[in-house]
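Student: Here is how the chains run, residue by residue.
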Amino acid sequence: MIKNILEFEKPIIDLESKIDEMRKYEDNLDIKDEIEKLENKVYLLKKSIYDNLTRWQRVQLARHPERPYTLDYIYRVFDDFLELHGDRLYKDDKAIVAGFARLGEHKVMLIGHQKGRDTKSNLYRNFGMPNPEGYRKALRLMKMAEKFNVPVITMLDTPGAYPGLEAEKNGQAEAIARNLLVMSALKVPIIVCIIGEGASGGALGIGIGDRILMLENTWYSVIAPESCSSILWRSWDYKEQAAEALKLTAPDLLEQGIIDRIVPEPLGGAHKNPDEMGIILKKVLTEELENLLKIKADKLVKDRLNKFGAMGVFEE
Amino acid sequence: MAWFKRIKQNISPDTQKSEIPDGQWVKCTNCNEIIHRKQLETNSFVCPKCDFHFRIGSEEYIKIILDHGSFKEINKTMKSGDPLNFVDTKPYNSRIASTISKTGLFDAVKTGSGKIEGRRVAFGCMDFKFIGGSMGSVVGEKLARLIDKAYTSKIPLIIISQSGGARMMEGAYSLMQMAKTSARLARLAEAKIPYISILTDPTTGGTTASYAMLGDIIIAEPNALIGFAGPRVIKQTIGKDLPEGFQSSEFLLENGFLDFITERKELRSKLVQLVDYLSNS
Chain A
3 MIKNILEFEK
13 PIIDLESKID
23 EMRKYEDNLD
33 IKDEIEKLEN
43 KVYLLKKSIY
53 DNLTRWQRVQ
63 LARHPERPYT
73 LDYIYRVFDD
83 FLELHGDRLY
93 KDDKAIVAGF
103 ARLGEHKVML
113 IGHQKGRDTK
123 SNLYRNFGMP
133 NPEGYRKALR
143 LMKMAEKFNV
153 PVITMLDTPG
163 AYPGLEAEKN
173 GQAEAIARNL
183 LVMSALKVPI
193 IVCIIGEGAS
203 GGALGIGIGD
213 RILMLENTWY
223 SVIAPESCSS
233 ILWRSWDYKE
243 QAAEALKLTA
253 PDLLEQGIID
263 RIVPEPLGGA
273 HKNPDEMGII
283 LKKVLTEELE
293 NLLKIKADKL
303 VKDRLNKFGA
313 MGVFEE
Chain B
28 MAWFKRIKQN
38 ISPDTQKSEI
48 PDGQWVKCTN
58 CNEIIHRKQL
68 ETNSFVCPKC
78 DFHFRIGSEE
88 YIKIILDHGS
98 FKEINKTMKS
108 GDPLNFVDTK
118 PYNSRIASTI
128 SKTGLFDAVK
138 TGSGKIEGRR
148 VAFGCMDFKF
158 IGGSMGSVVG
168 EKLARLIDKA
178 YTSKIPLIII
188 SQSGGARMME
198 GAYSLMQMAK
208 TSARLARLAE
218 AKIPYISILT
228 DPTTGGTTAS
238 YAMLGDIIIA
248 EPNALIGFAG
258 PRVIKQTIGK
268 DLPEGFQSSE
278 FLLENGFLDF
288 ITERKELRSK
298 LVQLVDYLSN
308 S
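First to last, the protein sequences are chains A and B.
Take the position in the first sequence, starting the count at 1, then add 2; the result is the number in the numbering used here.
Take the position in the second sequence, starting the count at 1, then add 27; the result is the number in the numbering used here.
Keep in mind that the hints were calculated from the coordinates and are not lab data.
There's no promise every hint is true.
Stated by the list, open to error - Calculated lysine-lysine pairs in the DSSO-like style (CA-CA distance at most 30 Å, straight line):
#1 Lys301(A) with Lys219(B)
#2 Lys267(B) with Lys93(A)
#3 Lys93(A) with Lys129(B)
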């Protein structure tokens, strides 16, 4: 039944299945105390494992095949969703979903990367790797959001913009660049939330905003650890070292001043309890949105310019 | 074991070295013609026989494009701070130090103001020889300040790109330079100040996906490699060889992403023409 177990999750799963086994005899034998002891042990074990994850283990959690994706959050966090398609130029990209949604009493434009769950849906979603038409769909809808004064919420979860022939031919770089330009001056609030993988330009292409949030077990960097390993170490085998060197976890990015807030996940990761994750995320997004709605549009844009302007470390 | 194994790697654009070697005589990378260095220099580092454009740096472009002695550099000695204490096969800070002493440059872009036939411009030019022209905090900050200079002095902005993309050794900081420069360009555009982006070999990754593709006018030198993903990555992804001329300047022009391609010799006169068309007077 249980599949997709990560190496470091194994001891927990083993103990948990032992408890399940004991539960079957709970009525006949007096083992309540035993079970309680074991449950306590599981909790402590989980705490110690998840509090001490290496950066590479976080990357693995961020990619966990059972992790909630944008559409999983849409129905847990938002009260309504009306999906809108197409870039009005060429195509509808299935790797980016977008549309109007309601967050409590607030109307929002929701835009997020979308991965698939199995081979078929992954092919349909192109593994969450957008083509230019995806970024252009996002651009069209963000401009529309601005026109009708609707705030924007984006959810980032991509292994990268798709490196393919068509993508290059149709201007992948131009599409991303255009989004950066337009998002940095968009006259409505933008909240960005990294819910899984934040791989480079493919993530940043819908990633400029007033508040940048990261779920606890996600990563965000200039390159994926494997690719970094292959370029700098000239081998695919140094992904753990690359992950360490890149300092790409939520706590790292908070320290670097690149994100504003870490959204805590249920113990063991968002996939262990997507409903609870949804409740947490809804609370955080509502709070952030209500704060941003108090700020005038011109000030938002000015603050955004300064926010990204302050990022970087150099010596003069 | 695979039945078929490629013994010889295919030649792809990113493996070609076109940097000019030292010495009096230079062999053209493209047609093998032996050219005297002086002759090459007077021909803007373009092969007189086959028109191959040698890869040159900011010093050379300043000489080719700007009025003699008019360039005033700003933020010249700004240096990377190694924010992540990054170590791969060697520590980033020693990589920086050795590149500085080898190239005489402090990072991968030179910025300042200058004149083109008397017209004042804000001018930035990247250098591929500094860690592959990669964009980290220094490149981002110097370009942001250059854009600010164009903004406050109300003068046209010209940036010559030559870059492998964002610099890995500064992690997410490098990525954010794309956001930083694009936000500044948004403000510049709002003020209706012209920005001309010039793409040279190679311009890829985060550089292309930010300021390089955001010019009012985007021009390129002939046969430059321009793209988002590098050719090697695309080849790996699709598992096929790339078509001839893929991601070349000509390919981009054909697909509608460049205003035009210009020979290096005509770059200066084209810029004069453009600046005049784009300015208010």
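Student: The structure should be examined with respect to each hint, and the outcome stated for every one.
Tutor: Going through the hints against the structure:
| no. | hint | result |
| --- | --- | --- |
| 1 | Lys301(A) with Lys219(B) | 21 Å, holds |
| 2 | Lys267(B) with Lys93(A) | 24 Å, holds |
| 3 | Lys93(A) with Lys129(B) | 48 Å, violated |
Going down the numbered hints, you'll see the structure goes against just number 3.
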